[in-house]
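Peer 1: The hints should help you fit chain P onto chain S, whose structure is shown.
Now for the letters of each chain:
2 protein chains.
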Amino acid sequence: MKEKIFSLIEQGKYADVRKEIVNMNIVDIAQLIEELDRQKLLVVFRILPKEIASGVFSYIPNKLQKYIIESITDEEIKNILDELFFDDTVDFLEEMPSNIVKKVLKNTDEKTRKLINQFLNYPEDSAGSIMTIEFVDLKKEMTVKEALEHIKKTGIDKETINTCYVIDNNRILEGVISIRKLILSEESALVEDIMEKDVVYINTHDDQEKIASIFKKYDFLSMPVVDNERRLVGIVTIDDIVDIIDRENTEDFQKMAAMEPSEEEYLNTNAFVLAKHRITWLLVLMVSASLTGNIIRKFEESLQSVVVLASFIPMLMDTGGNAGSQSSTLIIRGLSLGEITLNDVFKVLWKEIQVGCLVALTLSLANFARIHYLEKIDLLVSLVVTITLFFTVLTAKIVGGILPIIAKRLKVDPAIMASPLITTIVDAITLTLYFSTASRLLGI
Amino acid sequence: MKEKIFSLIEQGKYADVRKEIVNMNIVDIAQLIEELDRQKLLVVFRILPKEIASGVFSYIPNKLQKYIIESITDEEIKNILDELFFDDTVDFLEEMPSNIVKKVLKNTDEKTRKLINQFLNYPEDSAGSIMTIEFVDLKKEMTVKEALEHIKKTGIDKETINTCYVIDNNRILEGVISIRKLILSEESALVEDIMEKDVVYINTHDDQEKIASIFKKYDFLSMPVVDNERRLVGIVTIDDIVDIIDRENTEDFQKMAAMEPSEEEYLNTNAFVLAKHRITWLLVLMVSASLTGNIIRKFEESLQSVVVLASFIPMLMDTGGNAGSQSSTLIIRGLSLGEITLNDVFKVLWKEIQVGCLVALTLSLANFARIHYLEKIDLLVSLVVTITLFFTVLTAKIVGGILPIIAKRLKVDPAIMASPLITTIVDAITLTLYFSTASRLLGI
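Heads up: the sequence lines are chains S and P, in that order. Just so we're aligned, residue 3 is where the first sequence starts under the working numbering, counting upward by one. Just so we're aligned, residue 3 is where the second sequence starts under the working numbering, counting upward by one.
Since the hints were made in silico from the structure, they are not lab data. Keep in mind that a hint or two might mislead.
No copy is singled out in the list; a pair is fine if it fits within one copy or between any two copies.
[Said to hold, decoys possible] Subject to a maximum C-alpha distance of 30 Å in a straight line, what follows is the list of computed DSS-like cross-link-like pairs (lysine-lysine):
| # | residue 1 | residue 2 |
| --- | --- | --- |
| 1 | K300 | K15 |
| 2 | K21 | K218 |
| 3 | K142 | K113 |
| 4 | K113 | K52 |
| 5 | K52 | K154 |
| 6 | K52 | K218 |
| 7 | K141 | K155 |
| 8 | K219 | K160 |
| 9 | K65 | K42 |
| 10 | K105 | K52 |
| 11 | K52 | K155 |
Just chain S, same shape as in the assembly (with noise of 0.2 Å):
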């Protein structure tokens, strides 16, 4: 099929091209498209049919979809900008530079540009940043014959017809009604009797993580979004919601290996970007982890006299991270899908107590016929080991299960307490413990 196309387009055969390409998905054109040089790609778009083109414009990336602008007449923008869905063209204009954002704006008219210069302004990851305002609208005293008459007339220019939202004459949202109870119900019913009344909403202002929750919760297709006066000015679709869901998890995987989080795909990005995202975190982790290395230079002497103490070192210093890490990881996704909240902080303790004396106790004494009896180290310098790997691993499960649930109350992202800060703090108190039990142990 595609090298099919491809082989066309070699030929100049543009007509075929059109003719075959219509009745593919957009999704798929869209991919297509990408893949072609950029003179070619300007062809091929441009004999599109309108309806098709601006699909295919909302699925390319940023800078093609900008080189197009850049390519095309006030005329072709227009055409575009007529069949595009409101948030499409919001979420594009937010990526563009100024002069393109102007060039677009210049081909609206004055009440769409009022329009989108009020959505360009809703805080980033708002439900006002993310919602579409083609929806349709009915009100309650029409019947559902009425109903379906309007859907009709104007559902050709909306995002979707398979929630619609009823509202009063100053635009309340006064109830929903499925696409599917209106077929299935009798032509003479009222909207308002067959309605959902108890219509569960959102705010413009209301941040996107918890959009994403209240979707997941309820399984919506759709929710309407409201203002303070509870006008209704818009819905969020749960195409939007699944992207955002995918963003928040790989925002918290960046936060959670210390770096900071950003939305550009890897391979777009350039070395020097990348390089600044993990710069900071690397840098504060590193003069952590070098006050560590001061309780060694503390100990310098006891060391000096028991030189193989210092064989085991990593070894502690990794199970004991591992072993926090383990349990900040489970805390902060429990935190992030609801299934853990701040008053659980005691249940988790305990759990961790539990676990972490369970676990403690078998690595411990598995270590401990591993150095004693396989490699024949001294007896007290095994107790002084495997006394201190136990008090790790207790430690760490209690420090990574804790502090997730003290950031999110400190308001902080739970998501910064994992791994690499946890091994952080695991670190010092694991070899705080070795040499204090050295000391005492071996009498050094």
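Peer 2: For chain P alone, kept in the frame of chain S given last:
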């Protein structure tokens, strides 16, 4: 609202409870019921109208489903099963012990029983195990008017009518058409002429991760599932996909923190099970980290003569581990979102070398300034530490960037190449570098 219902329940005014509750969203009813003690839960559940009861049933936790089935009559079980969507029935049975499954199957007719058994046999996480059979099927010879009448007649029992599926007499999938398209078209138009023929479909054995990525790519609300003869056997809906995305992400988080993945919520899992999921990897990593200790033991004499070297071990190990984890996290995430493919290995390598040099240089200079000028560490020792740090960070970036891709190529889940394993590998490299540089530069 909730308080009011609780107090009505307390007073035993169940007629009033019923009146209040039927206007609520089923998800909220489910949440309310969960908070009741078991006896009252049963009373409230029994007064619910049967369509609501089955909806609520699909939203309560497995142990309450089990309790309800154990406590109600066969007649009541039949009523619930009648209204329950097929995929919810299968989901629930998958989690039940065999005596409950038997009790439920006893209350279904021969045909349903066979179908349920067939669905329970689909591999876990396959399209077959998550699809539902309640979809609208149309024939291409129908007019729009006939199609809408057909939907009106049969739609009430379907999970969704938003997308309808066109099949021939052998149930072979021929096209899809949205309810929107049907409503907005002329009544006399033929389904064949307005349906989409370029249908994206999945096979019963396709894995849920693949399915989720197709949903995301095309922004679908539902997708048809076909068997090997391309016969339509079910559909998958977006609400299930959203759950799957969360589950897959949780699984990645757990694997990346060196745990065996588990779908149980943290607070509902007992300490032994939690410990079991964590212990294997901790043991494996503990033993590998011990091997790192052997490197130190090999250089015991050098260490004894310049014991201050030991105090930089934590900083070197932690920084190397962190630098590697950053890279591996980005690559693992990119692989799982499909932004990075196996063919990008050289692009990743080159990018990580660039980023690695930038980051390594910054960290080394900062470190040299700090230890030599601030902490007055001897010049040669400072140089040893700084040179080691540079190469540690660079190696960590390369190892962290490449190992996840190699894992994927070997058909191993890249997520295990995360922080813990990378840290252990990088530690060994770091210490070898450290002591060989030290023995060369310090002549020990």
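Peer 1: Are the hints correct? Go through all of them and say.
Peer 2: Each hint, compared with the structure:
1. K300 with K15: neither (79 Å within a copy, 72 Å between copies)
2. K21 with K218: Cα proximity of K21 and K218: across copies only (27 Å, versus 40 Å in one copy).
3. K142 with K113: Within one copy, since 27 Å is at most 30 Å while 43 Å is not.
4. K113 with K52: within (22 Å within a copy, 49 Å between copies)
5. K52 with K154: within (21 Å within a copy, 34 Å between copies)
6. K52 with K218: between (35 Å within a copy, 24 Å between copies)
7. K141 with K155: Both: 15 Å inside a chain and 26 Å across chains, each within 30 Å.
8. K219 with K160: Both: 25 Å inside a copy, 21 Å across copies.
9. K65 with K42: within (16 Å within a copy, 60 Å between copies)
10. K105 with K52: within (19 Å within a copy, 58 Å between copies)
11. K52 with K155: Answer is within: at 20 Å inside a copy they meet the 30 Å cutoff, but 37 Å across does not.
Taken one by one, the earlier hints fail for this structure only at number 1.
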